[in-house]
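Novice: The lines below spell out each chain.
There are 2 protein chains.
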Amino acid sequence: MSEYINMDTLRFQLFEVHGLAGVLEHARFSEIDLESVDLLLDSVKDFSDAELYPCFREMDEQPAHYKDGGIVVHPQVKTFMQQSAELGLIGSGFDFEDGGLQLPEMVSQATSYIMEAANNNATGYVLLTSGAAGLIVSFGSQELKDTYVPKMLSGEWGGTMCLTEPQAGSSLSDIVTSATPKEDGSYRIKGHKIFISGGDHEYCDNFVHLVLARIDGAPAGTRGISLFAVPKHRITEGGGLHPNDVRTEADYQKMGQKGYCTTHLVFGEDEDCYGWLVGEPHKGLSYMFQMMNEARIAVGRGATSIACAAYHASLQYAKERPQGRKIQQSGQKDASQDQTLIINHPDVRRMLLLQKAIYEGSLSLVLQAAQYADMAHVSTGAEKDRYQHLLEILTPVAKTYPAEKGRTSVDNGLQVLGGYGFCNDFVLQQYYRDIRIYAIYEGTTGIQSLDLLGRKMQMKGGQALKWLMEEIQETLEQAMTHESLRPYAGQLGQRLKQAEHVLNHLMGVAKTGNFELFLSDATLFMEMMGTLLVSWQWLKMAAVAQEALLTGNGSQTQEAYRQTIHTMRFFFTYELPRVGGLVEILQNQEQLTLSEGLVEIA
Amino acid sequence: MSEYINMDTLRFQLFEVHGLAGVLEHARFSEIDLESVDLLLDSVKDFSDAELYPCFREMDEQPAHYKDGGIVVHPQVKTFMQQSAELGLIGSGFDFEDGGLQLPEMVSQATSYIMEAANNNATGYVLLTSGAAGLIVSFGSQELKDTYVPKMLSGEWGGTMCLTEPQAGSSLSDIVTSATPKEDGSYRIKGHKIFISGGDHEYCDNFVHLVLARIDGAPAGTRGISLFAVPKHRITEGGGLHPNDVRTEADYQKMGQKGYCTTHLVFGEDEDCYGWLVGEPHKGLSYMFQMMNEARIAVGRGATSIACAAYHASLQYAKERPQGRKIQQSGQKDASQDQTLIINHPDVRRMLLLQKAIYEGSLSLVLQAAQYADMAHVSTGAEKDRYQHLLEILTPVAKTYPAEKGRTSVDNGLQVLGGYGFCNDFVLQQYYRDIRIYAIYEGTTGIQSLDLLGRKMQMKGGQALKWLMEEIQETLEQAMTHESLRPYAGQLGQRLKQAEHVLNHLMGVAKTGNFELFLSDATLFMEMMGTLLVSWQWLKMAAVAQEALLTGNGSQTQEAYRQTIHTMRFFFTYELPRVGGLVEILQNQEQLTLSEGLVEIA
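Top to bottom, those sequences are chains P and G.
So for the first sequence, the working numbering puts the first residue at 59; every next one is plus one.
So for the second sequence, the working numbering puts the first residue at 59; every next one is plus one.
Derived by calculation from the structure, the hints in this document are not laboratory data.
Since this is a predicted model, take the numbers as computed values, not measurements.
Careful, some of the hints might be misleading.
Said to hold, decoys possible - To spell it out: a stretch of chain G is covered by chain P in this simulated footprint if at least three of its residues, at any positions, have a beta carbon under 8 angstroms from a beta carbon of chain P; those stretches are:
#1 88-100
#2 387-395
#3 403-417
#4 493-507
Think of the CB as a built atom: it goes at the ideal place given N, C-alpha and C, for glycine as much as any other residue.
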């Protein structure tokens, strides 16, 4: 079988770079030790090898589709839901009392990463169920929990999140799905929801949709949105299932991730759709944002997993494919020589190293966010506040960098194969198509960038950013203790100063009250920040690797540590300098993209 | 019907920026005037509207495929071949005596561009036939010309170029297809050719394959390759067609351009495949490179046409789709306001302007190359030499920039549509898939970059580069005459100096004899040069637009000229500064991608 992941790389990051052991020391995780995590990772890898990877291509070739009022998906989805549940992977981070394994977020990210690298078309069915159940656990009444969560964690029922409506798209304040109070305390739900991932199929007996809707008379905008649990079938008094007037209208046919259905659901067409309020009225969006924030990290992780799998596919090809010859000292090639493997061509090595630098850097960023989530979970008071803010400031970047640069990474993987990369005989073209959605899922890159520059940079009066800079400073100091890493720490420090200038410049614009101008290049600000934060992660990895090379105490091979340092150098040499151009662009005074007083675009 | 092209933009570039009138002044084109070109462009647009655009989506949804020993393609291919022939578009640049219209290359590029913007899945069938016929016209005997060319120009017979073999890929020196001399002066051809675009279908009675093969006993490497005309059916003495032992083995199924077949052909399996030598033995590669060089410009143009069509599709969406609200002076949005059209969001405008800047800049680069080709054709002596070299130095960039940045452009177009961009209901996803092959066609970006840095920069002892710099200098001086353009001319001048430093640095490496290191970052050198040369084109366009605004003499609207200047400013503000990062990267001393003495990649 082709390899789609390097488990050693994952373990290095989890255990050595991000110090899972330090997280496990906390009482919440007293039932778990490193050994059990190790065993779990192996089990998930075995499961992925056996059940997920083999049907990955097939799920693309036999897309999910609408038929007779329902959605036909690959039959392996059934096995996948069941076995994920048996492994405890649905709600793995939930408290024991809620039926979870009480695993750290870092470990849940790692297991999901393995599964997604094997088959990104399949994992969403489980992960969305997990996320929907999580919302009920966090904000729902005990009755809602008892009614829905056990069946979701057992994989018998699926879960979804229903935000988008045809007229609203990214603009959630324009949601019009209505919720009319009924005498029994439930609500009558009515409206259309589109782009609902995993919204229907025959392998779950029921679906629990977490639906954003507006209670009659609620205020306009996002302050009038409430959250409802709306099952496909409601539970009768006898415990049976009764259709709840949730009709599946269609399945969007897409360029990629074809095995993962994307449905259009119609609620309450016959005025018979019951929904149950989750938490308090009008607070739906803030609840949904818990799921959304987790989902954003998950999107970053998912994109990373595709870049990882694509890297390994192109690496394998490069190691097997002979073509061309190396150039001689004479400047000529010797046609009488045997052809060389393409991995020996510098341009191919560059493309491979770029992929490796992007996907491993992305993974590290995602695990960093997960570590903050875990630390926020187990700590209290000021410490909790600090970790919570670190997580929040990192979230839009951990979503966006892997989605944007992951695309570059996969694109380079395809290019390594030349014409074959474009052909269906090889898997690269599927990764190329699949990954494209990640820059759109859960808020486009534009939306994430507005969040980063417009909200996160000033969060808590700029304190969140200060905390983040402290974290980076710590890595810089650690790297400075190694002579060989000092130049790289110096480079990153210098770039961070440039970024500070940029931010000051932009804040100056914000102070003039021209917020549209202030935010107009937010996407480029995101590009700059993403590269800087991944540089930070690479320096962190290199410092750990260098330390391990010196002490001989690490669990990886010496060669693996040298590779890590080599890839850090690659990132700093080939990616970090691009920040210079962005710094310049972000300080432009041209106002070319504002609509007022400017020429039309035609 | 959706619009896929802006004819005014094309006319502006053709007539005003690149001065077609100046080309038409030469005796070769005495039968053509601007008015007749104008009429031709309109005819081709009408033809494209009627016959090409309507079946574009369908050709994707019903891919070309192998069946019963042949390839099934969309039936519209028949109409397309016939009507293209009727319009004189097959071999439109050929001399009158060879059955052509003796049109300038600039005009042929423009007509192909219109057709490709309408349907990039269809045009290859005609254009390859044209290229193959061109090879026979240039290098074949009168007998070969008489036998094949008329039927090709009438669209009854198709033509292909057969280079790639399974074991050789980009490495043409490893071609093993054999040609054994026969007593009648023909050759017995035997071998496999793969990735043969337009290689077989039922809508041509015959195909003339231009095949690279090795005559028995020929020297190893590229110096032993000859060119043969190998028909699918050979012509009997009675003038009929007799099968020539060319078997269609398969059709590659691909991620994009699904309507354009990509075949695997087997020649001489039954020892009964006749080929006829084109030109002299062992000179095949140099002949093929005539077609290849033209094909490279054509690839750049094709990628540009897709970026153009994608731009117009996303522009239309942005002008029709309401979503979200503009941010107020308060920093808040007012949910009670109506939603605004997304074209009013700065991030969307940025994505649209980026697309426009890339595709129009690409088009200008392609037309610049075509203009050099025309001037080389009509001039003599030193002048011819100069234009020929200008064409050659521009060719790898005119192929690569549109292919690479065109992908970025289409990617931004897809992003404008958000989730809908990923769905089959909208065309963006098709453009996204279709354009991916252009960075691979006719020599990958890596190959083009080696050509640019390793050959073209030093061509004629560096004289070609000097000529190119003179051309750019002329534009800088022209721009300097306009106060408002002076800053931009200054910026480009400064960046060109930086690029000169880079080249000097790299030439220093070459002088040490470490050619592998010298060329290791050629792809990044290409990225830098592409941005610089497109900046040059934008400045050229802006200078023409500024002049027209001043004099009122141009044929476009004032608004159109202002848009041109605005888009130039966008390119200089958002793209040109990225050169700074590349300049730094290209001067790195790290040697991270050479294989000797380095860590493995795993």
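Novice: Next, verify each hint and record whether it holds.
Specialist: Hint-by-hint comparison with the structure:
1. 88-100: violated (count 0)
2. 387-395: With 5 residues in contact (Cβ-Cβ under 8 angstroms with chain P), the coverage given for the segment 387-395 of chain G holds.
3. 403-417: holds (count 9)
4. 493-507: It holds, with 8 qualifying residues against the three required.
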